[in-house]
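K.L.:
Taken in sequence, the protein lines are chains A and B.
First residue of the first sequence? That's 1 in the numbering used here, and the numbers climb one at a time after it.
First residue of the second sequence? That's 1001 in the numbering used here, and the numbers climb one at a time after it.
There could be a bad hint or two in this list.
[Unchecked claim] Think about it this way: if two alpha-carbon atoms lie no more than 27 Å apart in a straight line, the pair counts; the simulated DSS-like pairs of lysine-lysine are:
id, chain 1, residue 1, chain 2, residue 2
1, B, Lys1042, A, Lys61
2, A, Lys49, B, Lys1057
3, B, Lys1078, B, Lys1057
In short, the hints are calculated from the structure, not lab data.
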Amino acid sequence: AQSVTQPDIHITVSEGASLELRCNYSYGATPYLFWYVQSPGQGLQLLLKYFSGDTLVQGIKGFEAEFKRSQSSFNLRKPSVHWSDAAEYFCAVGPSGAGSYQLTFGKGTKLSVIP
Amino acid sequence: EPEVTQTPSHQVTQMGQEVILRCVPISNHLYFYWYRQILGQKVEFLVSFYNNEISEKSEIFDDQFSVERPDGSNFTLKIRSTKLEDSAMYFCASNTNLGETQYFGPGTRLLVL
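One chain only, chain A, in its complex shape:
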């Protein structure tokens, strides 16, 4: 069964500092990988996705992520964090195989930004 691990429950960074959120996955084949962001009281917004091709993908709001097959990782990065980036970030993998449609999410990393 596929699984996603986000080892950091909560990260605090200063505004303007760089950010890296970790995501490791377990999957039997080449995965589809996603990062979603959830602001307080809001739904899930897609930041970026990897399906195939270039392993460095660019997303919205200045975020990028790099797929590393050898490490089974898909870490999210941003060179300079803004206060509005404070939110919860979810890594997801899916679908899980032929005929399966579901996304499997990690437990999320809550990002706090201090001025």
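For chain A, the structure is supplied; the task is to place chain B on it using the hints.
P.N.:
This is chain B only, laid out in the frame that chain A set:
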């Protein structure tokens, strides 16, 4: 930009009552999903729906749950007899094809008392 909408945004109900959560997926999407997120926990898949039938469901999606596409625009999740542990945020999602990005609605926060 088209988006998935959900109503109501919040619902409070008594244990044992039936609730219906409503979703309007993006108009040209063909696959529909429900997920839930219990407070402080991860988002969990409940069910997927395509061509007017359930494609896949998780262990959570037991006989108390049902889904329906009653017309060309709405997609509903019914919980027949709510339990305290059904309290969660319920997200609807949709996409055009298997494996394509799933677009999520803002969620319905359900509180069962």
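K.L.:
All hints are to be evaluated individually against the structure, with a verdict given for each.
P.N.:
Here is what the structure says about each hint:
1. Lys1042/B - Lys61/A: Holds, at about 23 Å.
2. Lys49/A - Lys1057/B: holds, 24 Å
3. Lys1078/B - Lys1057/B: holds, 14 Å
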